[in-house]
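Q: The residues making up each chain are set out below.
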Amino acid sequence: MSTCSVSKGCFVFKPSAKKRKLSQSTAHDFGIRNDDSEDTELRFVTCQSLWNQIKSETEKVQEDLNKQLLDNLMNFLSRFHSEFQEKTAEWTCRMKFREIPTAALVLGVNVTDHELTFKSVSDFLQNNITPYIALLEAKDCPGVKNLMQKLMGQLMNCYVDVDSLEDEDYVQVSQNRIRCSMSSLIKWYESVTKKTDSEAPSKKRTTSAHWQSPPVVVIFKDMESFTTKVLQDFIVICSQHIHELPLVLIFGIATSPMIIHRLLPHSVSSLLCIELFQSLSCKDHLSTIIDKLLLTAQFPFKLGEKVLQVLINIFLYHDFSVQNFIKGFQLCIVEHFYSQPLSVLCCQLVDLQKRVHSLSHDQCENIRRLPSFRRYVEEQESGKQVALLTTDNFLKEEIQKLLEDLHVYHENYVSILRCLHVFTSSLPKYPLGKQIRELHCACLENQVWETEEYESSLQLARMLNKSDLVTMLQQCMEILLSSSGKEFDKTVEKLKKFLTEFQNLEAEAFQEQDVSISSQKELQKKTDLYHLQKTLLELKESRRTKKLTKFEMLRFEVVDYIDSLVRKYLVPADRRTLHEILYFNTAAVLRGHLNAAPRTALHTALNNPHWYLKNQALKCDGGSISNKAPDICIVYKLHLECGRLINLVDWLEAFSTVVMAGEEPNADTASSDQMDDIIHARFIRAVSELELLGFIKPSKQKTDHVARLTWGGC
Amino acid sequence: MSRSEGSGGGRRRVLQVKFVPDEEVLKHIADDTGIKVRKDKPQPSISLKRFVKKLENISDDEAQEILEEKNYVATLGISTQDPMGNGTSVSGGEVYSFQTPKRSSKMAELASELAHTPEQSVAPDHSKGPGKTAKTPQSSKHSSSNKEQLRSKKKEFVSTTPYRLRKRLAAPDSYLESESEYSASCSEEEDEEDQQEVSTVLSGQKTPAKTKAAPTPPPRNSLAKKNKEEKMSNLMEEYFEAHSSSKVLTSDRTLQKLRKRRLNQETLRDLLTKAPLAYAAEIKELNQQHESLFSKWMLQLHLGFNIVLYGLGSKRDLLEKFRTSLLQDSVHLVVNGYFPSITVRSILNSITEEVLDHIGTFRSPLDQLEFITKRFKEDSSLELYVLIHNLDSQMLRGERSQQILAQLSSLPSIYLIASIDHINAPLMWDQAKLSLYNWLWYETTTFSPYVEETSYENSLLVQQSGSLALSSLTHVLRSLTPNARGIFRLLAQYQLEKKDNPSYPGLSFQDFYQQCREAFLVNSDLTLRAQLTEFRDHKLIRTKRGADGVEYLLIPVDDSTLTDFLENQDEDA
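Chains as they are written, first to last, in the UniProt record's numbering: chain A, 1 to 714; chain B, 1 to 573.
It cannot be assumed that every hint is accurate.
Under the rule of at most 30 Å between Cα atoms (straight-line distance), these lysine-lysine pairs were calculated in the DSBU-like manner [unchecked claim]:
no., chain 1, residue 1, chain 2, residue 2
1, A, K490, A, K292
2, B, K106, A, K697
3, B, K433, A, K150
4, A, K55, B, K374
5, A, K119, B, K374
6, B, K377, A, K150
Calculated from the structure, these hints are not laboratory results.
Looking at chain B on its own, in the form it has when it is part of the complex (with noise of 0.2 Å):
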């Protein structure tokens, strides 16, 4: 860059050339402003004037590279017109980056704060607020005229908190008050009882809350760029400290201290039946757009394409439709990949036997694919659409599994739709699979509930009913003889006597002969083996080897099931 200054100079003047880096000109322009605007105001106002030019400098530069991150996609040809297309502004890496340390009270702090948020703006008015949402503790607390009562306890909660952990707490000083909280939740053990009462007694009053939303914003706002550069460079440090510990900083509390119990399946499902479905409307609207891609969907799989649904929400109800409204004159195979015992072998069996009518097994599923392979290209005329629920369930997504079943997709009259729903389904494809399957990929949100799909799934907070492995007791035993029946409650009660001993280790062998004798249900040790044999192929009990090379017997059913089972048998008898 070069200037010239003053064109009445010298003839040295007039050819002298400088070069200026373009960092001293933007230095130069923002020194202009800032005399600018030290002729309009007065002093004080500079520094900070020039601060929020470096701030907008960095903006720059920040957006200059969000650009350049988006000219990739960019260029891929997004396109904002097309209402169903994906968010447009996301870019990949905000999507799912690296793991960042979090303070365990942010969860509420959010809570509170998504809580508040509308009722701002619809609701000004705090008073009427919900009395319920006194019954949780973090709301509660932040009631002002309690505090007083509060801060005693805080200072009690601190006391009993590991020194470490204090150390940790004292850190950050504008959480003060959620910490608190969080110290109470870990303490909890001696303070539970303090803390009902101290709900019951704040049950009846409003909940402010906002005091601590109310310091953040304003320096929030103004800082959130430099945060965010500083974020930035110590992503790396944050990744490692994130890393760095083991020990994970959640509160102690437990779902057994809740005061509801589990839910079992049944109830679960009753009370969600009776929950209203949100935005039914609008769901329904997002299904119609769909159905009406029906007919190009069949349009494309004839022309060799094969179709894989991506997207949030069920899409079994969506297929369902399909396969109702389109498929109902030509042989097709459903397969739930959500069943827990789906397998390959089971899919490959329905085409040889239900499809094809072949009678026979096969040695390897590389061997029957081979066969199927080679009727469907002997026959021009079989055809076979295949629905395929949840391509990326725990029992397909395998390697194995995959191949075959792109293989299968690969034939040509073989027409495969299919769903997938894990965020890391995509990655079970290589190239090679990729080109087998021939996908088209369609985006169908649907925001239905996975009813299906989670209902076989052992969930966390389902309470495991056992009806299943009850039915399953009362069934085999029915089959049995009056004596092993007897031979089964004797190991029964056994085990129920002994619920409350976390170590037993079982009943051994020995002594339950003995017990068996003495209650005339066996006559040698001999028949006693064969009837435990018979149980334990039906998988009622279970042996194992103790340390002294006894035989323990055990049935492996949880006890309430087992008392359940009890009682049924003595209504039976």
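Here chain A stands alone, though its shape is the one from the complex (with noise of 0.2 Å):
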């Protein structure tokens, strides 16, 4: 069946039952690329278990961060809960005013990830507090009709699914018959609670998850999209009925908490009783992925360097989302594993040594094809050399004992760069980053000891005050007796040796103060420019080739130490044997699929067919393309050099101009006239192409003129 048709957009596929296959399974198609099909079941299980691992990971992570925020939450809730139900002074107070209780929610700019923190607030309040909650979006409310058709479509479904099946039928009925109104909004609640009330001793469950008499929670997902009209009739009706209805207001605000004022005047907003409640910040947010995908050693998976600059530089210029992070990070994996054969290997340690044991012989040259295996190959001497080039097995044991390397360099690399980010986050201007997201993508980068920014930090380090220093020395002991590694016992001990020297040092800097004072007094007594000099240029030679006193000297002993570790276990990942096999590290593919660019690809295409259609008559130079380019990119040359109108006739014959250039010069004078047609038929293609990519529109200004969309360009 075709599906192209003059009467009809859309074609419906449906194969016979038989023929449909069940349920597709994706393993099938994770294999399906090329040859290397025997291991693509264990690495698309791998894959999956992986990154469910890391979803799972992330969610723990957002949970946590949102606890403070519906603790917050709830602590509001109760106390207008508590108010409402002893009926207090304030309550009255405020019911006097018509005052409805309002937490504005400021979630920040980044809308992709509000609907998680919805999904929470509102399960949070659900299991906790009250069953009554309703989430509008302004798209389902475009007037107030539709705003309480919706919130009582919402309210009294959740009082179905709390209660007993059996009033199922009464409620879809009436939920169709009544008439949406706060009215019977409120009969609804009287006689929910009423129910809810007599049965709460039956019913253990109502009366432990939610409160007496719960209230009725409206969420507004987006409240800057909410026509302002709808929002004023809204709060207005809501505060004339509010001391019959326990009634709360959350409002999702992205941008200030100043919009609510913008949107609403005084006499609506001073119906609203408003309490702020910031929710938590997107960088604090995304610090904390990190730290716990990447900066750890939980995962075999890692990101290069590259990668990563790739995803955070679409967070802090695109989007400020941790749900795209997440959605790159789980693209990195996806990527990985299809396209990486020897990414089986990828897996925790535990299963290491089967799944090494069981490579098959494709894999093991797989392996030996490698950049990095081969760099190790001959480093090797020689007889070595060609037992890990022929003998497999020779060559699984090695491979093992690397992999197990590259997992005990990636925890270690992980102590010492937290170590380092201890001295380097609190120097001045911080030089390598203020974040340690910055600090890692610098050491994956290349050898960061090479870099000048760490030579400057250096430099600074050089320079910290004692108590600043024992106090990061401290905090480095912790990080290293936290971590998992075997290796740094030493470091630690060398470490506590630093701060008991750090103590003894106390007396001596007594002493030395005394002599800087003394050389300090002997400058004050000089006046005149001649001994001011002489003596400047003393203290000169003297500074030069005087001993550091005891505290500068440690000073220098730590610095140096950390040097040191830092030049050991630093390494970037791509100089690790190995490496390919855990680190991914194409950044290009990630970046082409996230943050494309189609604009470039249609300008490339337009302008420099030959980067596409590699044909030799194709190849120019510079700016200007051939005349035997394709039509859509002559007329494209041809329409930048007009002005906003184009007229078409001087258009065709400029283009025939350049095709008949094009053309070979055999064409007889019977063809010309088919010739002609031709040509003005590929110009008319052209043309209509151009308009189709929103180059061109056609223009009633004159006759036979076409209005150019586009500027720029050459």
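If you follow the hints, you should be able to join the two separate chains into one complex; please do so.
A: Written as structure tokens, this is what we have:
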């Protein structure tokens, strides 16, 4: 069946029931790609399990981070609730002014992440406080009537869910029948609360989970997008009934709390009793995620420098969305396991031995082809080289050793990175970045000790004062003690030694101070220029030769020691053998899929077709294109020379001039007419293609003219 | 920056510290080089040398700027080794910036340049250039042997152009020749005959061209950098200049005056099928590269991503191939977004009616969406692949449509794969929609012609054949009574009689009734009204009230179609 038609735009294809595959396995797609079919199943399973782990980890992180917010909300609700229950003086006062308790949730501009926050909020409220929650979105509520409909629909549904199912029919009927008004809502609320009150003794669950006469919570997910009128009307109506219905509003705000006052006039906003809540900032969220996903030994899969940089840049420059970051991470995992046949070895250490031993010969060959492994082989002596290249079993043992090394390397790397971060994050101007992710990127990129930034941070570290230095050393010690690496015993010892030495310095420090004071006094005596200069010169001389104070020496020692640790442990991952197996480093793919530039692609295709069509005839230098280029390229190039309007006739003529020059000059006069027609037709096609692409549009300003829609480019 | 001068000087000298700004140091260095030059070369060259030096400085600064501009791009991790990637050297500003004023003759200039540059390298012998180029006035004008003739002609042209235009034309001198030709096109009314003559006279002669290109290159090269800087500073002014006048300077020539008539859709298609597709082999290779990604697409669709294809060239065939090769055994929906009357409603309808076998209607698309969501959530075995050609088409690009499609695509068991073509297509989506769509972008530049996609379009140059309108007319009329046919015929004939009157308002009802009575077609105005209602329901006629309150009847079909229709009717009868 064809999908071209002049009368229809949608075509449904339903294969007969027999032919329909029963739950197509995704693993199947994974393997189609190429020959190395042996491990695909395993690879896919590993990939999926890894992703599931990571997903649950990120969800846990999110939950932890939201806890503060949820607790605050809970306090807020409980305060109003107890007031409502006990009918305190404050409550009566508020009733007099008809104020609705309102929580303004400032969520930040990362709209993409809001959905999850709202979900956790509503789940939390549902489980702990009240079953009556309505989530409203601006697009569903163009008017107050729709809003009420949506609201009542959601509230009554949740009533059904909570209570026994026997009432379902009744509610279904009533929902269609009742008019959506505030009074019917109140009636419904009364009946519901009465029922639960009477049933409370028999139903332990209701009483334990929810409060008595629970509040009705209405959440406006995207407050900014609601029309002012709808919001105003709703708030005014609600405030009329607030004494009968314990209503609580929650506004989701992406911009700033000021927006409430901009959307609502004073007369309306005075009906709200607003309290502000700040959700977690997306930057902190990202830091935690990076901390939990990347700077940990928990997951075998790691991101290379470029990839991480791409993901972070998309976050910082485009959306601030943690969800998108995680999505990018997922894509990395999928890409890695899909495109790297050796990723089968990207697993937890416990499984490693088995997997290494079940490697096929082809896979061994794959390993031998890895650049990092070849580098490694070249460094070995000749006997071992031969063995590595010829004996699979020997190779396998070596691989296992190397991979274990790689895991250990990563563990140590993380600990030392954190230590270094303790130092660099307190330096003025942060030459190596404030966040640990920046430091991580710098270390992954190349040997960090060769960079200027590192040099300057060491310089700065050599000027730290004692108390700072001591606290930093203590922090480092804690980090190293908590890490699981076994190599750090000696390091910890050494740090301890430094600390005790610092303590012993006290006495000598006083002495040192005296010396410096005396020298200063000496300086103050001299007044005339000649002597001053002389002393300055002397001072300079002496400084060059002067013996350092003990503290200074110790400080130097500490910094040098840290430096040596960095040089030992923070080797970039791509210098390590077999890093290709654990580290995903094809940033271009990732960037192409997540942060594509359709306009640039179009621009390149039109300006430089040779980029795509590898034909010699198209090759030419600089900005010009040859006259043998595809029609659309020529037409495009010609239209760039025009102003706002383009005369089609001129355009056609210019086009035919170019095309005729490009044709072979053997066409005889008899067929020239036909040639003309064909060129005309080609021109029409090219122009309508440009129209489809949005470069031009028909214009009525002048006959046979089109209007240009883009500018620049030449 | 500090410099101590003379080590053997007094103490004061030693400690003399002088702040020297960077500029001065640079100047100093530049001076030094200047002196060196003086040693080597005779005097006059110095100024030139320095000028060049300055230019170099400027270019350095520029390079620095460009570098900074690209920094951001670089941090995003562009890697040049990827052969399928975008053009790496293109930065955002270069692609599409503001409108700047253009001279109308530029296009012809570029055309002749493009036409001749390769010739120069491949076959320097111009005398064998195709004689046909002479047909276009642009190229024929360059003939030096006819300069005399041209000069006289030019004078004539200038005198005929309005004063304001002339003033504008007089300004830039270097483009004299092209301007003469430009004015020719403006005052074409009078001169067209002349021009035709000239071109026929010239048609036999060779086309040397290049007269214009010859003087330009040397200054252009040396001053290019300076020009560029000026351009930067003048960008703002140019912008306003370009937008200041609503008057557009283009020539007045129209297609009607061209020898060829407009082509109609069918002949266009025929001609295009006759014309060989250029670079077929390379295009095929490109397609094969894309096809190798099919299984990856499947995988990623199943993992919850949706796929969007972009890049120059029709992606219809590619998606069709994907469909036929991988989706044969699963339920899938193909949506032709470029179809002129596609709506979200029809997409949702085909899902509910044909995929879910639901009978009944919905109050609003949102309800329908809710129903679909519920069904897909309830039944986990339900899976649907949705292929949308041109998600960015006129009909689907609206905010609401995109919202609904985005929500549809966010369902875990609906797999969406779509293509976009418009340069501004990504502007349809805000962050919220993007996260619902969960796109993975794939660049699939195919360079294949948009045959299907543009076939519906009312293209600018294609003559509206009206065959569709004609056949609908015939079909509807065939189902009517002979009397009704007669009524319609009367109206049609009357309209054709008046076709030369451009302000023809239509036939007034009273007059029409009179005519119908005379032809024994109706006996009361009620029957006529009933008949007219029927026509109106089938959109055969349109009524509008004139200024005097009289009802006028009009057939909203162009004259040629109407003539065809009447001829057909005569044959039938």
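Q: Each of the hints needs a verdict: does it hold here or not?
A: Here is how each hint holds up against the structure:
no.: 1; hint: K490(A) <-> K292(A); result: holds (27 Å)
no.: 2; hint: K106(B) <-> K697(A); result: holds (20 Å)
no.: 3; hint: K433(B) <-> K150(A); result: holds (22 Å)
no.: 4; hint: K55(A) <-> K374(B); result: holds (25 Å)
no.: 5; hint: K119(A) <-> K374(B); result: holds (18 Å)
no.: 6; hint: K377(B) <-> K150(A); result: holds (20 Å)
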